[in-house]
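**Q** Now for the letters of each chain:
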Amino acid sequence: MWRRNRVAFEPVLTNHVREPNSFSLDFYLTHARGYEALRKAVTLKPNDIIEQVKASGLRGRGGAGFPTGLKWQFVLKDTPKPKYIACNADESEPGTFKDHVLMERNPHLLIEGCAIGCYAIGAKVAYIYIRGEFYHVQETLERAIEEAYRAGFLGKNILGSGFDCDVYVHRGAGAYEAGEETALIESLEGKRAQPRIKPPFPAVAGLYQCPTAVNNVETLCNVPLIVLNGPEWFASLGPEKNGGPKLYCISGHVKRPGVYEASMHTTLRELVFGEQYAQGMSGGRAFKAIIPGGSSVPLLLDEHLDTPASFDHVQQAGSLLGSAGLIVLDESVCMVWLAMNLLHFYRHESCGKCTPCREGGDWLYKLLQRVERGEGRTKDIDLLYGVASNIVGKTLCAFGDAAATPVLTTLKLFRHEFEAHVREGRCTLPADWRATQPVLMGATH
Amino acid sequence: MSFHPEMEYAPARFHKSERTLAEMGEPFAYTPENQARFNEIVTRYPADERKSAILAALYLAQQQQGYITGAAMRFVAGQIGCTPADVEDVVSYYTMFYTKPVGKYVLNVCRTLSCALLGAERVTEQLCAKLGIRPGETTADGEFTVIEVECLGACDRAPVVMVNDDWHERLSPDQAATFVDDIKARGKAAFTGCHLHVEKE
Numbered sequence: 001m002w003r004r005n006r007v008a009f010e011p012v013l014t015n016h017v018r019e020p021n022s023f024s025l026d027f028y029l030t031h032a033r034g035y036e037a038l039r040k041a042v043t044l045k046p047n048d049i050i051e052q053v054k055a056s057g058l059r060g061r062g063g064a065g066f067p068t069g070l071k072w073q074f075v076l077k078d079t080p081k082p083k084y085i086a087c088n089a090d091e092s093e094p095g096t097f098k099d100h101v102l103m104e105r106n107p108h109l110l111i112e113g114c115a116i117g118c119y120a121i122g123a124k125v126a127y128i129y130i131r132g133e134f135y136h137v138q139e140t141l142e143r144a145i146e147e148a149y150r151a152g153f154l155g156k157n158i159l160g161s162g163f164d165c166d167v168y169v170h171r172g173a174g175a176y177e178a179g180e181e182t183a184l185i186e187s188l189e190g191k192r193a194q195p196r197i198k199p200p201f202p203a204v205a206g207l208y209q210c211p212t213a214v215n216n217v218e219t220l221c222n223v224p225l226i227v228l229n230g231p232e233w234f235a236s237l238g239p240e241k242n243g244g245p246k247l248y249c250i251s252g253h254v255k256r257p258g259v260y261e262a263s264m265h266t267t268l269r270e271l272v273f274g275e276q277y278a279q280g281m282s283g284g285r286a287f288k289a290i291i292p293g294g295s296s297v298p299l300l301l302d303e304h305l306d307t308p309a310s311f312d313h314v315q316q317a318g319s320l321l322g323s324a325g326l327i328v329l330d331e332s333v334c335m336v337w338l339a340m341n342l343l344h345f346y347r348h349e350s351c352g353k354c355t356p357c358r359e360g361g362d363w364l365y366k367l368l369q370r371v372e373r374g375e376g377r378t379k380d381i382d383l384l385y386g387v388a389s390n391i392v393g394k395t396l397c398a399f400g401d402a403a404a405t406p407v408l409t410t411l412k413l414f415r416h417e418f419e420a421h422v423r424e425g426r427c428t429l430p431a432d433w434r435a436t437q438p439v440l441m442g443a444t445h
Numbered sequence: 446m447s448f449h450p451e452m453e454y455a456p457a458r459f460h461k462s463e464r465t466l467a468e469m470g471e472p473f474a475y476t477p478e479n480q481a482r483f484n485e486i487v488t489r490y491p492a493d494e495r496k497s498a499i500l501a502a503l504y505l506a507q508q509q510q511g512y513i514t515g516a517a518m519r520f521v522a523g524q525i526g527c528t529p530a531d532v533e534d535v536v537s538y539y540t541m542f543y544t545k546p547v548g549k550y551v552l553n554v555c556r557t558l559s560c561a562l563l564g565a566e567r568v569t570e571q572l573c574a575k576l577g578i579r580p581g582e583t584t585a586d587g588e589f590t591v592i593e594v595e596c597l598g599a600c601d602r603a604p605v606v607m608v609n610d611d612w613h614e615r616l617s618p619d620q621a622a623t624f625v626d627d628i629k630a631r632g633k634a635a636f637t638g639c640h641l642h643v644e645k646e
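Here the protein sequences come in this chain order: A and B. Under this note's numbering, think of the first position of the first sequence as 1, with each following residue one higher. Under this note's numbering, think of the first position of the second sequence as 446, with each following residue one higher.
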């Protein structure tokens with residue numbers, strides 16, 4: 001069992017999201033100590049804020065879990081070039097929908113986080129890169145930004161401190177790859193969202209070749225809380241090195257899918273079956289497996305469910321917390337179909353820059369389609385493994401590894417299902433919620 | 446040629462380097478309102494980085510004309526100060542830009558895992574059966590286009606359909622046919638919108 005020493009957890013990011021007009025500046029100022037953190041921040045030295053964020057142990061909420069304070073510290077200081085914050089609101093990882101809630105219901109928290117971030121690293125402009133499909137969210141955000149300008153929380157000489165900061169929303173146009181930090185920068189520059197070779201890292205040469213910090217929405221939303229309540233408070237909310245509140249997105253075959261805020265002490269089992277969370281399996285079928293961190297991470301089984309849903313614990317259990325998108329699968333899910341569904345996604349979203357990912361993703365999809373249709377040969381299973389394991393580690397960004405993962409993890413845990421498909425010449429688990437046609441060929445526009 | 450003894454080279458349909466030149470179409474220029482909007486957006490970026498406004502410029506063109514023609518790409522290139530090839534490079538990469546006419550209502554059905562687990566494949570089947578088209582096609586009367594898209598980021602309200610810029614949540618397969626009738630009768634009022642807009646309730 002994992003060592004547990006829990007304090008009662010009260011939501012701090014999403015406590016007001018269900019209340020009417022929670023997105024307005026008035027609400028934020030009266031109910032959520034709005035912009036107090038910014039007021040405090042501009043009286044501190046920028047470096048002190050970075051030290052506080054470091055001490056809090058805040059880790060990036062976008063997927064990699066990299067310490068935010070360190071990222072900010074790496075931003076080149078001695079340079080005549082302007083610096084930038086690029087807020088990653090591209091939220092495209094399948095199974096993830098937490099930033100959506102924050103931006104739609106608590107946009108001022110993000111704006112405050114952007115402003116404090118800019119102050120800390122010495123930037124004057126933050127761009128919020130929002131995915132094109134979030135049109136209604138963009139409207140909310142832009143309204144909130146306008147309110148913040150009018151009230152003097154953005155613009156020139158903020159709160160009389162001499163600090164200038166502009167925040168703009170930049171709308172993407174439908175590309176999963178734009179969520180990768182260097183691809184996001186490319187897209188911000190008006191090009192195809194394709195990753196760059198690292199190093200140099202964005203902290204040295206990012207947007208317009210200037211020092212840039214790329215931070216996820218949820219990450220930046222935590223910054224005002226740290227400034228306001230102190231790094232010790234933040235760290236005390238979760239296990240060691242996994243402090244702070246965390247948003248979990250639960251979807252799939254559960255009774256009550258949704259976004260839940262919890263401490264990272266909370267176990268996967270509590271999140272899936274707990275009364276105050278997803279309330280267990282829907283449709284009266286048994287639990288089969290869970291994807292704990294968005295579609296790019298390995299599957300976990302029932303035996304892993306007592307793992308606390310923290311970055312480190314989930315990693316020890318053999319998967320990754322990633323973007324905390326928990327996709328719950330019941331016993332009706334065919335694992336060959338699952339891999340095929342996800343490879344359709346990765347094949348379609350591959351930016352095409354690196355050959356192993358572009359070609360390999362397509363091969364994997366075709367092989368999976370063949371096996372799922374019942375036309376697979378025994379050697380296709382080894383071929384799947386061979387192609388997938390040759391993508392891993394051979395691409396510029398983590399997309400390649402992500403694309404290979406659904407194949408490698410299903411083969412590792414459910415190889416018998418692949419073998420049964422080949423042996424019986426048909427899908428052995430045709431669920432009633434799937435297409436009536438054997439394989440629905442999606443025409444992409 | 447291929448990189449693997451057992452597998453073929455990627456097919457043309459999914460190969461992003463496989464380009465067809467966009468048709469020029471009618472001459473294109475922004476309406477005065479869109480021109481003013483563009484002039485404002487461009488100021489958000491450094492003066493020598495106008496190219497950053499390219500996505501916004503293309504959205505304005507698409508809003509005005511429904512889809513993006515070769516003429517619109519040339520116009521945008523002129524506005525930005527880049528080559529038409531730079532613009533086409535962007536248009537051909539991002540899925541939300543259309544290079545051929547689409548219906549008045551574009552039904553973007555999410556097909557990725559969380560939605561698929563709750564019947565998204567069947568939603569597409571039902572919509573297509575009702576409209577008599579295949580995914581990617583537009584009805585003859587120009588009213589509806591059905592497109593299968595990847596994760597829309599609303600997995601807790603699966604299956605989700607994005608209709609133009611609006612959302613419709615929890616569209617079960619057996620409601621799909623009635624949903625089409627409902628749009629025909631009530632237009633935008635047929636959409637549930639985003640469940641986070643609690644003020645509407």
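Treat the hints loosely; a few may be bogus.
[Unchecked claim] Here are a few chain A residues that sit away from chain B, every Cβ distance over 10 Å (derived from the structure):
#1 32
#2 92
#3 132
#4 174
#5 250
#6 280
[As the list claims (entries may be wrong)] Listed next, the stretches of chain A that the computed footprint assigns to chain B, with coverage defined by at least 3 CB atoms under 8 Å from CB atoms of chain B:
#7 43 to 56
#8 178 to 189
#9 255 to 269
#10 321 to 329
#11 345 to 354
[Stated by the list, open to error] Computed cross-link-like contacts, DSS-like style, restricted to lysine-lysine with a CA-CA straight-line distance of at most 27 Å:
#12 B:496 <-> A:353
#13 A:81 <-> B:545
#14 A:191 <-> B:496
#15 A:353 <-> B:633
#16 A:412 <-> A:379
#17 A:81 <-> A:198
#18 A:191 <-> A:54
Hint data in this document are derived by calculation from the structure and do not stem from the laboratory. Think of the CB as a built atom: it goes at the ideal place given N, C-alpha and C, for glycine as much as any other residue.
**Q** Work down the list of hints and note, for each, if the structure agrees.
**A** Each hint, compared with the structure:
no., hint, in the structure
1, 32, "holds (17 Å)"
2, 92, "violated (6 Å)"
3, 132, "violated (5 Å)"
4, 174, "violated (4 Å)"
5, 250, "violated (7 Å)"
6, 280, "holds (15 Å)"
7, 43 to 56, "violated (count 0)"
8, 178 to 189, "holds (count 3)"
9, 255 to 269, "holds (count 3)"
10, 321 to 329, "holds (count 3)"
11, 345 to 354, "holds (count 6)"
12, B:496 <-> A:353, "holds (21 Å)"
13, A:81 <-> B:545, "violated (42 Å)"
14, A:191 <-> B:496, "holds (8 Å)"
15, A:353 <-> B:633, "violated (39 Å)"
16, A:412 <-> A:379, "holds (16 Å)"
17, A:81 <-> A:198, "holds (20 Å)"
18, A:191 <-> A:54, "violated (33 Å)"
When held up to the earlier numbered hints, the structure conflicts with 2, 3, 4, 5, 7, 13, 15 and 18 and fits the remainder.
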